[in-house]
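Undergrad: Now for the letters of each chain:
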Amino acid sequence: MDNCCAMGTIIQNKALTDSIYELKLTYQQKLDFIPGQFVNLKLDGFYLRRPISVADYDDHTLTLIYKVVGQGTDALSKYQPGQTIDTLMPLGNGFDLSKPIDTLIGGGMGIAPIYGLTKALKDHHPLTVILGFRNKDEIVYLQQFQSLGVKMIITTDDGSYGIQGNVMAGIDTFDHPIQTWAACGPTIMMKSLSQTLNTHGQVSLEARMGCGFGGCMGCSIQTTSNQSKRVCLDGPVFDDKEVLWDSLK
Amino acid sequence: MGQLEVNLSGITIDNPIIPASGTFGYGIEYQRFYDINILGAFSCKGTTLNPRYGNPLPRIAECTSGMLNAVGLQNPGIDHVIDVELKELATFYHKKIFANVSGFSIDEYVQTAMRFDSCDIVGWIELNISCPNVKHGGLSFGTSPDMAAEVTNAVKSKIHKPLYVKLSPNVSDIATMAKAVENGGADGLVVGNTLTGARFDLATGKPILTNITGGLSGPALFPIALRCVYQCAKAVDIPIIGCGGITTAQDVIEMISAGASAVEVGAANLVDPYACYQLVQSLPQWLDHYNIESIQSLTGRSLHYGNE
Ligand SMILES: Cc1cc2nc3c(=O)[nH]c(=O)nc-3n(C[C@H](O)[C@H](O)[C@H](O)COP(=O)(O)OP(=O)(O)OC[C@H]3O[C@@H](n4cnc5c(N)ncnc54)[C@H](O)[C@@H]3O)c2cc1C
Ligand SMILES: Cc1cc2nc3c(=O)[nH]c(=O)nc-3n(C[C@H](O)[C@H](O)[C@H](O)COP(=O)(O)O)c2cc1C
Ligand code: FES
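Chains A and B are the protein sequences, given in the same order. My numbering puts the first residue of the first sequence at 10, with every later residue one more than the last. My numbering puts the first residue of the second sequence at 23, with every later residue one more than the last.
Be aware that a few hints might be false.
[What the hints assert, rightly or not] No more than 25 Å apart at the CA atoms, straight line, and that leaves these computed lysine-lysine pairs for DSS-like:
(1) A:258 / B:178
(2) A:200 / A:23
(3) A:76 / A:51
(4) B:109 / B:180
(5) B:109 / A:238
(6) A:200 / B:228
(7) A:108 / A:128
(8) A:76 / B:180
If you're looking for bench data, these hints aren't it; they were derived computationally from the structure.
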């Protein structure tokens, strides 16, 4: 799919918890994304767009999962079916599907792109998916993941569901070493994964963005190769060994 | 000349729409959205002698009708820009660019400008003496009339292409700056850069930007930019490119009325990558709507009002 600005019509904007929503939009054109790519939404009354990962899509429907964390996402949660949203897409590189991935790790809202990735990989080889949440009340998309028929491990920080602890506690239950992995979640989670697992990993990063398509250098990170890279265009997915973790907040 | 054509120091451009430095990279990212040859020209990312990573993240904050940036002149350095970015640009872009030059000393400005001066694709050198986001950066040249004149003169004496100097609105008297730069030998002005601002996190009180302050751009800046252009146009005889907050064709008309010969458009491109494409498409109908014969005839239409 070529880069474009398209009008999406909301068909559903449903609360999954008191702060997490599932948004479904339809578009006239045929959609096509690589898991890990994102869209940038123009919301009424806000100057900059809001970047949100593609969780799922079919020919004309896009599914996003978002958490209300500020004024923009709060305004988004009040949009009603039938309203339209100017959408810039598809953005970013997405996960590299030509590289093997056997373990998928999502923390918090990081589960959104991990869902799309799991869906894309599940028929090709056995996968283990580890999802970490703060507590039972923040668990979303469990049934959707379960219906993909992959091995699942759930962790909660307070132990109110599944294994107590963060995703690292989930990894500790493995009886085999992790070979290849992909992760999206809080920076601190991905940093400890990268420092603990010395096998190949792909991580999806976040940054405040001016544009989302490489035009402003607002999102550039420093990398171990001493080259800077834009989270929006060269990422959001990076090789974990490429990221200078200490330079990120 | 046609309805949209403008002459900027000997080079005629097809229309007055010029994407502003730092919001259009080296053109390459936008070619994926539309054929950028429809533009009048564009101004490339601020380039320095040596590569710069810029400021730590976050570098971007939002505000009502605008944004703050503290990118801090990230660029790969003049050698890389000439050998890689401009080479790639030349494979699909057949017009001229404004080569935006930043520096930390007069010598650095001169050296970088001289390198751009020998590039075919460069039509004009644009001297950024107004970047608010780097310590000891260009802004010290942009707030002192003497230093501004000195750096202008030093660069002008070493290059052949027309020299445009980009002023900062972060001064109490922009007309004095404009005059100083004109006397220093500038062929034109870009008025202007961003205005310094800040935002703080409500929950923690922490600055949103790691740099604490950042440059304000977008519609919030528009009336300030109009005032600056008006004051500069009253003070100098060289052409002015108006810049700050321009979003619509009506904004273009207003800016040119205030004394600009052409406009640069920055943040609008970031929010809508097609912004300049749409400006080029919609400008003729808005000129017709207001019975304006040509862009050229419009320049400075508002200047005889008031006695500034
Ligand atoms: C590539 C990418 C994918 C993302 N995918 C998802 C997703 O699938 N689900 C989800 O819930 N969230 C996702 N986010 C985070 C989401 O963009 C922010 O939560 C959202 O922009 C916050 O907007 P706000 O107006 O509510 O917050 P405010 O704090 O009021 O926003 C102020 C400004 O800061 C920016 N901002 C604030 N927090 C973030 C952040 N964490 N990342 C980037 N920009 C931020 C906003 O975009 C806005 O410009 C993603 C971010 C990126 C970069
Ligand atoms: C992200 C960003 C980066 C910028 N980088 C530069 C730069 O490198 N050199 C420069 O002269 N101006 C730079 N500017 C300033 C713009 O060129 C322009 O002068 C300013 O944003 C005001 O115009 P606007 O309101 O249309 O954006 C930058 C602006 C933004 C938003
Ligand atoms: S957000 Fe503009 S370059 Fe990445």
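Undergrad: Hints first: check each against the structure and report whether it holds.
TA: A quick look at each hint next to the structure:
no., hint, verdict
1, A:258 / B:178, "43 Å, violated"
2, A:200 / A:23, "32 Å, violated"
3, A:76 / A:51, "17 Å, holds"
4, B:109 / B:180, "24 Å, holds"
5, B:109 / A:238, "20 Å, holds"
6, A:200 / B:228, "23 Å, holds"
7, A:108 / A:128, "16 Å, holds"
8, A:76 / B:180, "56 Å, violated"
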